[in-house]
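Asker: Listed below, chain by chain, are the residues.
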Amino acid sequence: MANSNNLSFSIDGVTCLAREGSTILDAARKNGVFIPTLCNLEGIPPKGACRVCSVKVNGKLLTACTTRIAQGMEVENDTPGLNNLRKAIVEMLFVEGNHLCPSCEKSGDCELQALAYRYTMTVPRYPYFYPKRAVDASHPKIVKDHNRCILCKRCVRAVKDEKGRSIFVFLNRGFETKIYIDPELAGKLTDELARKAVEVCPVGAIMPRGEGFKTPIGKRKYDKAPIGSDL
Amino acid sequence: MEKLVVATASLAGCFGCHMSLLDIDERILDLVEIVDFHKSPINDIKEFTRDCDIGLIEGGCCLDENVHVLKEFRKHCRILVSLGECAIMGGLPAMRNGISVRECLEEAYLNGPSVRNANQAKILPNDEELPVLLNRVYPCHEVVKMDYFLPGCPPDADLIWNALTAILENREMHLPYELFKFD
Amino acid sequence: MEESISSILEGHHHDPTRLMDILIDVQDETGFIGDQAVAQIADGVGLSVADVEQTRSFYHFFSKKPTGKYAIYLNTSVNACMMGHDAVARTFEVEAGIPCNSVTRDGLIGLFDTSCIGMSDQEPAAIINGKIFPNLTPFRVKELIRDIREGKSVDELVVEGYGDGQNSNSDIRAVVNNNIRKIGPVLNPNYKPGEVIRKKLPEMTPQQVIDEMKRSNIRGRGGAGFPTGMKWEICRQAESDEKYIICNADEGEPGTFKDRVILTERPKLLLEGMVVAAYATGAQKGILYIRHEYKYLKTYLEKLIEGAHKRNLMGRDIAGIKGFDFDVRIQFGAGSYVCGEESALIESAEGKRGEPRDKPPFPVEKGYLDKPTVVNNVETFCSAVKVLLYGAEWYRSFGTTDSTGTKVLSISGDCRYPGIYEVEWGFSVNDICGMAGAEDVMAVQVGGPSGSLVSPSDFDRVLCYADLSTGGSLIIFNHSRDLLQDVVLNFTSFFIEESCGSCSTCRIMPVILRDKLIKILNARGVKQDITDMLSWAEVLKASRCGLGQTAANPIITSIHNFRHLYDQKTRGEARYDTGFDLNKATQEAMMATGKFVMSE
Numbered sequence: 000m001a002n003s004n005n006l007s008f009s010i011d012g013v014t015c016l017a018r019e020g021s022t023i024l025d026a027a028r029k030n031g032v033f034i035p036t037l038c039n040l041e042g043i044p045p046k047g048a049c050r051v052c053s054v055k056v057n058g059k060l061l062t063a064c065t066t067r068i069a070q071g072m073e074v075e076n077d078t079p080g081l082n083n084l085r086k087a088i089v090e091m092l093f094v095e096g097n098h099l100c101p102s103c104e105k106s107g108d109c110e111l112q113a114l115a116y117r118y119t120m121t122v123p124r125y126p127y128f129y130p131k132r133a134v135d136a137s138h139p140k141i142v143k144d145h146n147r148c149i150l151c152k153r154c155v156r157a158v159k160d161e162k163g164r165s166i167f168v169f170l171n172r173g174f175e176t177k178i179y180i181d182p183e184l185a186g187k188l189t190d191e192l193a194r195k196a197v198e199v200c201p202v203g204a205i206m207p208r209g210e211g212f213k214t215p216i217g218k219r220k221y222d223k224a225p226i227g228s229d230l
Numbered sequence: 000m001e002k003l004v005v006a007t008a009s010l011a012g013c014f015g016c017h018m019s020l021l022d023i024d025e026r027i028l029d030l031v032e033i034v035d036f037h038k039s040p041i042n043d044i045k046e047f048t049r050d051c052d053i054g055l056i057e058g059g060c061c062l063d064e065n066v067h068v069l070k071e072f073r074k075h076c077r078i079l080v081s082l083g084e085c086a087i088m089g090g091l092p093a094m095r096n097g098i099s100v101r102e103c104l105e106e107a108y109l110n111g112p113s114v115r116n117a118n119q120a121k122i123l124p125n126d127e128e129l130p131v132l133l134n135r136v137y138p139c140h141e142v143v144k145m146d147y148f149l150p151g152c153p154p155d156a157d158l159i160w161n162a163l164t165a166i167l168e169n170r171e172m173h174l175p176y177e178l179f180k181f182d
Numbered sequence: 000m001e002e003s004i005s006s007i008l009e010g011h012h013h014d015p016t017r018l019m020d021i022l023i024d025v026q027d028e029t030g031f032i033g034d035q036a037v038a039q040i041a042d043g044v045g046l047s048v049a050d051v052e053q054t055r056s057f058y059h060f061f062s063k064k065p066t067g068k069y070a071i072y073l074n075t076s077v078n079a080c081m082m083g084h085d086a087v088a089r090t091f092e093v094e095a096g097i098p099c100n101s102v103t104r105d106g107l108i109g110l111f112d113t114s115c116i117g118m119s120d121q122e123p124a125a126i127i128n129g130k131i132f133p134n135l136t137p138f139r140v141k142e143l144i145r146d147i148r149e150g151k152s153v154d155e156l157v158v159e160g161y162g163d164g165q166n167s168n169s170d171i172r173a174v175v176n177n178n179i180r181k182i183g184p185v186l187n188p189n190y191k192p193g194e195v196i197r198k199k200l201p202e203m204t205p206q207q208v209i210d211e212m213k214r215s216n217i218r219g220r221g222g223a224g225f226p227t228g229m230k231w232e233i234c235r236q237a238e239s240d241e242k243y244i245i246c247n248a249d250e251g252e253p254g255t256f257k258d259r260v261i262l263t264e265r266p267k268l269l270l271e272g273m274v275v276a277a278y279a280t281g282a283q284k285g286i287l288y289i290r291h292e293y294k295y296l297k298t299y300l301e302k303l304i305e306g307a308h309k310r311n312l313m314g315r316d317i318a319g320i321k322g323f324d325f326d327v328r329i330q331f332g333a334g335s336y337v338c339g340e341e342s343a344l345i346e347s348a349e350g351k352r353g354e355p356r357d358k359p360p361f362p363v364e365k366g367y368l369d370k371p372t373v374v375n376n377v378e379t380f381c382s383a384v385k386v387l388l389y390g391a392e393w394y395r396s397f398g399t400t401d402s403t404g405t406k407v408l409s410i411s412g413d414c415r416y417p418g419i420y421e422v423e424w425g426f427s428v429n430d431i432c433g434m435a436g437a438e439d440v441m442a443v444q445v446g447g448p449s450g451s452l453v454s455p456s457d458f459d460r461v462l463c464y465a466d467l468s469t470g471g472s473l474i475i476f477n478h479s480r481d482l483l484q485d486v487v488l489n490f491t492s493f494f495i496e497e498s499c500g501s502c503s504t505c506r507i508m509p510v511i512l513r514d515k516l517i518k519i520l521n522a523r524g525v526k527q528d529i530t531d532m533l534s535w536a537e538v539l540k541a542s543r544c545g546l547g548q549t550a551a552n553p554i555i556t557s558i559h560n561f562r563h564l565y566d567q568k569t570r571g572e573a574r575y576d577t578g579f580d581l582n583k584a585t586q587e588a589m590m591a592t593g594k595f596v597m598s599e
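Chains as they are written, first to last, in numbering that gives the first Met the number 0: chain A, 0 to 230; chain B, 0 to 182; chain C, 0 to 599.
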């Protein structure tokens, strides 16, 4: 694996090296640079759904999770304009659903909330929609709370049955889009897949049945330090 | 230095934010050195008799009465602060926002397990004196202009202290990460 | 029902990539696609119920519930509204006795809204069981509902007589008019179908075809303007066992209808263009993706393709060129504007939700079924044939240096002669208004909702890629129109309806902006609201595709070019208005407790 970092590029003016074929996001992380994400998750194909990882290349907005590094690429990342854009997207997601952090089991471990903390979102600049959404507790192993769903498609992409068929999908389109769960396949969900569905959800929209609030306040993932501090 | 005047109110809240305000412990003694409390549940002053510098609002608006109180505060306070999740986004009371008012009332007065057989006449209280439910719970800033927002359920006592002193000393607010939480 | 679905599945070889065709057939045959049908289809093609449901629920013309024996889809576009949609819609509701988006209790009539159906020059128009009924009036609606109740067939509902040109062809029989007002070199009927395939292609190498295209400087006619020759060349150079040519006939931009006319009057030219592209790129298969609203052209076009095979203009060893094989199939959409975006169109043609893909890779590298694919507009293929027929020099003699050739325009709105005009690039907005007989013009929407709302001070601007780039839709508004209410709000609602929902930005922001606009229209807006709209709309630039990126254009361009209309609505002294209305907010509780009774 000699000389595998064979592309040189820059992030906010700092020269970095990356392996050919890596995305801007992966390359940034390998170089210790934080780019926020919500829909991206290592191990599943990127989708570019949340747009939170938007960076600028040649003045053009691109999602870092789907764009591959090219030799000499100049990436803008940690700029006031881009951070405002990311904060705006987080705020939009907060008003789109019903995100009642005080009563959510995922609070403290939630990636959406963590980004809101990181960008010091005191209040979204947009009016709240308070959509009428349901909690679907009809499945034996998981509870789907549509109020908290940010439509990142992680569950859609990560959880398939043994034949490669979808269990979670998008239903409808536009502002009416929501996650639909295959009733039959969800009924036969293995423990492993159920755990995976819960694990991949960045917010508290897919929760395991019969447990919650396991970690005390103060010990949760984002209680002490902002998301991305591990980089 | 002239003392600044602070007023507080709890609208559709649980008084938790007020409790948190008292959680600044012995610093409350420092606080009363620099501020006077006017209309507030803390001292039970019920009417505005003067204009205030700062109004701290806990809770969102779920009743017409909340709206009237909030508008009074806007009229009499130079700076209004949304204190806590309920004031900022409705909080737990806003869980009813997906349910119709009629259903809420019927659950509370006719069908709920504690009233099922008690309210034989099937009356939904409607006395003139009673406040009227709004169609949903509104965050304060969707009713009047709010100047500052301090999140938390409740906001940490130190966060409130930081914010209040910043306003009092007319400097930029410092919201440290460990104190800046939505729960 | 189970049997007919079985035979539909059989007909499409249980192929999951043909899910669109299967769903279209089931919808057509049974009038809806319910849970039972979805389960049977899923089983039949080896997908999960969820997989089928995600595609079904994406498209406007797939319905979970029965749509009625007569399913009436009434267009709600800006043009329809300008020409009397509201009265027509009310009459439909009153006569049928149901509100829109419902079905009569006897299951006879279903009444639904739908986005622009490509009939902007003859609105208001409705689609009834696939047949177009343009130029509707309340009087005509009464007749239609009466005849439906009397049990007349959809064909028997027609009293207008069929339209001009091929519209009255026995394979079309549509009440639609072409309204061709100006013919240029591309639409010129003085053309012998097959001539380029037979006479030119055998004398040229594929590279020579591409070189000729490059020399002509022709650029994509769908709106984005990518150089066609370069696109073909990249596809030619891509290594693959299979390549595809796709014709994008999914024109859905409100105000656009030129492809409808080309598909009706010059389909052979279009098909010949696809064959030329196949020759140049080495593709063996083609797909003609047509919007659902033009399904009335199906039989007609299928027969033409059949005819091309018979005449050796398609099929094997085309025009005697050994190894040159190419075949075209027709793929219909099912009601989704975003499928006009090339990668969404490909997803749709593969039987999936029409969600645009992340690029790169571009379709020329990885397109239909991940094979190199050229996607071009109807008009681009037609122009390509003429480029080869008369040469690049000839083609370059039309238009401007940066934008060569001609553009077919769809002109509608407040003008005496709405219809199709083929003009050279470089026409000004003024020229266009004059040509179409428009007077007292307040504004022209250039390029559909995703384009610009242009004010008279800019009417000397010209149509070309460098200035006013357009796929060809021009809607004219005179001074009687309320631009904010009738145009900007309608367009913004259109984008909300047509967003695929995949990007957070495009899914949410247009709704936020629409609510803000409504606040201003309700006289509750303040100056800050206008500033907010402009700055908030910025996030849309982070969207994946053109729909999302341009979804705020109606608002942004109207603020820039018609600021006074916003200022008039926000004239009050207030610097802050939350829009909160205590009377409205308490109304529900007052009624529930009997404190207050709604007055008439």
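Hints in this document: simulated from the structure, not taken from any laboratory.
Please note that a few of the clues may not be correct.
[Claimed, not checked] Derived CB-CB ranges, DEER-like: (1) A:Arg18 <-> C:Leu520: 51 to 61 Å; (2) C:Arg328 <-> A:Glu41: 37 to 47 Å; (3) A:Glu210 <-> C:Gln35: 48 to 58 Å; (4) C:Lys63 <-> A:Lys159: 23 to 33 Å; (5) A:Lys29 <-> C:Leu520: 49 to 59 Å; (6) B:Glu25 <-> A:Glu41: 27 to 37 Å; (7) C:His478 <-> B:Gly97: 11 to 21 Å.
A quick note: this is a predicted structure, and the numbers were derived from the prediction, not measured.
Where is the CB? At the ideal position from N, CA and C, for every residue including glycine.
Asker: What hint numbers does the structure not satisfy?
Answerer: Result: hints 3, 6, 7 break, sorted rising.
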